[in-house]
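Visitor: Residue-level listing of the chains:
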Amino acid sequence: MSLTLLLDILIGGLMMGGLYALIAVGLSLQYGVARVLNVSHGEFIMLGAFATYSLYILFGINPLLSLVVTGPLIFIVGFLIHRTLFKRLKRLSPTMDAFEGGSLLASFGLLFIIQNVALLIWGPDVKGYSYLSKTVSFLGALYAANRLVALLFAILIGIIFYYFLKRTRMGKAIRAAAQDVTTAQLMGVNINFVLGLCFGLGALMAGIAGSLTSMMFEITPLIGLPYTIISIIAVVLGGLGNILGSLIGGLILGLIGNIVMYIHPGLSLIAYYIIFLLLLLIKPTGIFGK
Amino acid sequence: MRRAISKKIFYCMLFSLCSILMAMIPPYVSPYTIILLNSIFMYIVLTVSWALFSGPTHYLSLASAAFFGLGIYVSAILGEMLPLLAVIALGGFISFLLALLVGLSSLRLRGMYFTIFTFGLSELIRHSVQWWEVNKTGTVGRWVIGVDHTTVYYVMLGILLITLATTYAIKHSKYGLALLSIGESEEAADHIGISVNTLKIITFAISTFFMGATGAIMATRWSYIDSSIAFNPLFSFMPVLMAIFGGVGSIFGQILGAGVLTLLADFLLTKFPYYYMLLYGMILVVVVLFVPKGLTGLKEELKRWREGGSVNPGRKDGASIHPE
Numbered sequence: 001m002s003l004t005l006l007l008d009i010l011i012g013g014l015m016m017g018g019l020y021a022l023i024a025v026g027l028s029l030q031y032g033v034a035r036v037l038n039v040s041h042g043e044f045i046m047l048g049a050f051a052t053y054s055l056y057i058l059f060g061i062n063p064l065l066s067l068v069v070t071g072p073l074i075f076i077v078g079f080l081i082h083r084t085l086f087k088r089l090k091r092l093s094p095t096m097d098a099f100e101g102g103s104l105l106a107s108f109g110l111l112f113i114i115q116n117v118a119l120l121i122w123g124p125d126v127k128g129y130s131y132l133s134k135t136v137s138f139l140g141a142l143y144a145a146n147r148l149v150a151l152l153f154a155i156l157i158g159i160i161f162y163y164f165l166k167r168t169r170m171g172k173a174i175r176a177a178a179q180d181v182t183t184a185q186l187m188g189v190n191i192n193f194v195l196g197l198c199f200g201l202g203a204l205m206a207g208i209a210g211s212l213t214s215m216m217f218e219i220t221p222l223i224g225l226p227y228t229i230i231s232i233i234a235v236v237l238g239g240l241g242n243i244l245g246s247l248i249g250g251l252i253l254g255l256i257g258n259i260v261m262y263i264h265p266g267l268s269l270i271a272y273y274i275i276f277l278l279l280l281l282i283k284p285t286g287i288f289g290k
Numbered sequence: 001m002r003r004a005i006s007k008k009i010f011y012c013m014l015f016s017l018c019s020i021l022m023a024m025i026p027p028y029v030s031p032y033t034i035i036l037l038n039s040i041f042m043y044i045v046l047t048v049s050w051a052l053f054s055g056p057t058h059y060l061s062l063a064s065a066a067f068f069g070l071g072i073y074v075s076a077i078l079g080e081m082l083p084l085l086a087v088i089a090l091g092g093f094i095s096f097l098l099a100l101l102v103g104l105s106s107l108r109l110r111g112m113y114f115t116i117f118t119f120g121l122s123e124l125i126r127h128s129v130q131w132w133e134v135n136k137t138g139t140v141g142r143w144v145i146g147v148d149h150t151t152v153y154y155v156m157l158g159i160l161l162i163t164l165a166t167t168y169a170i171k172h173s174k175y176g177l178a179l180l181s182i183g184e185s186e187e188a189a190d191h192i193g194i195s196v197n198t199l200k201i202i203t204f205a206i207s208t209f210f211m212g213a214t215g216a217i218m219a220t221r222w223s224y225i226d227s228s229i230a231f232n233p234l235f236s237f238m239p240v241l242m243a244i245f246g247g248v249g250s251i252f253g254q255i256l257g258a259g260v261l262t263l264l265a266d267f268l269l270t271k272f273p274y275y276y277m278l279l280y281g282m283i284l285v286v287v288v289l290f291v292p293k294g295l296t297g298l299k300e301e302l303k304r305w306r307e308g309g310s311v312n313p314g315r316k317d318g319a320s321i322h323p324e
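Keeping their order, the protein sequence lines are chains A and B.
Note that this note's numbering numbers the first sequence so that position 164 is 164, with each residue one more than the last.
Note that this note's numbering numbers the second sequence so that position 50 is 50, with each residue one more than the last.
In short, the hints are calculated from the structure, not lab data.
Only a predicted model underlies this, so the values are computations on that prediction, with no experimental measurement involved.
Wrong hints could be hidden among the right ones.
Heads up, simulated DSS-like pairs for lysine-lysine below, C-alpha to C-alpha not over 30 Å straight-line [what the hints assert, rightly or not]:
| id | chain 1 | residue 1 | chain 2 | residue 2 |
| --- | --- | --- | --- | --- |
| 1 | B | K174 | B | K8 |
| 2 | B | K271 | B | K8 |
| 3 | A | K87 | B | K303 |
| 4 | B | K299 | A | K87 |
Next up, chain A with everything else stripped away, as it sits in the complex (with noise of 0.2 Å):
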């Protein structure tokens, strides 16, 4: 193997490991701080590529500048669904192992819901755009123009997102959440306003992650569940409740996605499982767990 063919595989590893990062952040805040494995994560994904797809094919808007209004809507619904669907069955639920199969199977259910809504609306066929889609050269290799901004967007985000985590006090309640809702709760913080935050930042990401997807491969209404496995697998390769871990998992996801891709195109959604079920095997804490 060349070195250029070595790195080929690494970046290209990379720019898929950022969008997975993005979207198991997501998940990571609904599934490790709100406790709702949310198995609908992939359709925020899915809505948020058709909609910046509508928005570009009618209105010719740019699709990232389209983030300005499909962000704030994919968040807003996130929170409400939060607000109606699992803040009640918070309260209806005895034990949290009932709160999370009654939650696993909502998500079910919402799956279904925005799925069908999907295919009524944009249809089963599969759409696509062309947008920076020439190539540009990058280190020796090339790549299409939209990775390269689909991988700065991704690592941007992930920035920002950790100082707001990290620096804010809004951040720090989300951060004693994920590592107790209870204590958290009374240290004062409003959990029920932080777990709906939560799941609309999740979705929010789901939504970003969505319109970067658009711009670099084709949509169908049937492309979320793919995308919830490879979220659900990074946030338990990271470590339940490690906002950090889940980032880390999606980039190390991508990479082994690419070289297995790279081996045999079909594997790389067995090579995910497998490396799933091994991991729940020998190590369900995750790589960083202790």
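Following the hints, put chain B in place on chain A, whose structure we already have.
Guide: Chain B in isolation, oriented as in the chain A frame:
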């Protein structure tokens, strides 16, 4: 004690009466009814066998589709070579063996980890079969040998009765109590001398036997199958939803849930084919939110309300998707 025995005899008689009645039905009803009854039987078996393990132990398994699909594939591959009953038994047995393996490997996993493990496993099998068919055998999908609906009906009825009898026997034996105590507290169950792991694995494997057998006979319903039909994740969720909808704690509730939801699905599919999955998703959300104890739980709540108690579904009530 006397009352318990007479109750048992009563159930036995009711059970035999119902089975005789069901066995006599086919000549008198339309083929459509037979097909509908077949799906109802299928979902009852899937639901009851899912709840046999997941109900009392609180280990929420989402691998039903894997075992059901395995049965379908056994039927598709061996259907022409072996007699029907042998195929069905084999479908069940292979599922049983796989479940032993899965059970042994996932012993350490609890709660959510077990659930996502089973789901991941099911999806891994689906994608692996698909990959294998695309890249190695070069054939996507297979033909399944056809069997007429009345035969399917009798076989399905047979499997259903065996499933119900087995589940009832296990539930009302000391093993049933042991499973319940595992659900309450696994450590405590271990300390009072229950061999927790063996019991969990064996029960899980028994429950999947029925799923595999059902898959093997129901495969004949589709003349053509591929991995996305056979291992459709919906076969993992339907039983969970049906059990919760009816009431996880009682076999009657599970039968009721499976029956009502299958009829509803049939109605939605014929009336609103484009909105079917959308409506299904809404039902899922509504059920989890508003009838977390299922239809049978609703009855109890109504009774308590009549007796003047509070029905306020707060934390104190302990409304839960799990049986008490």
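Visitor: Against this structure, judge whether each hint is valid.
Guide: Here is what the structure says about each hint:
no.	hint	result
1	B/K174 x B/K8	holds (16 Å)
2	B/K271 x B/K8	violated (42 Å)
3	A/K87 x B/K303	holds (27 Å)
4	B/K299 x A/K87	holds (25 Å)
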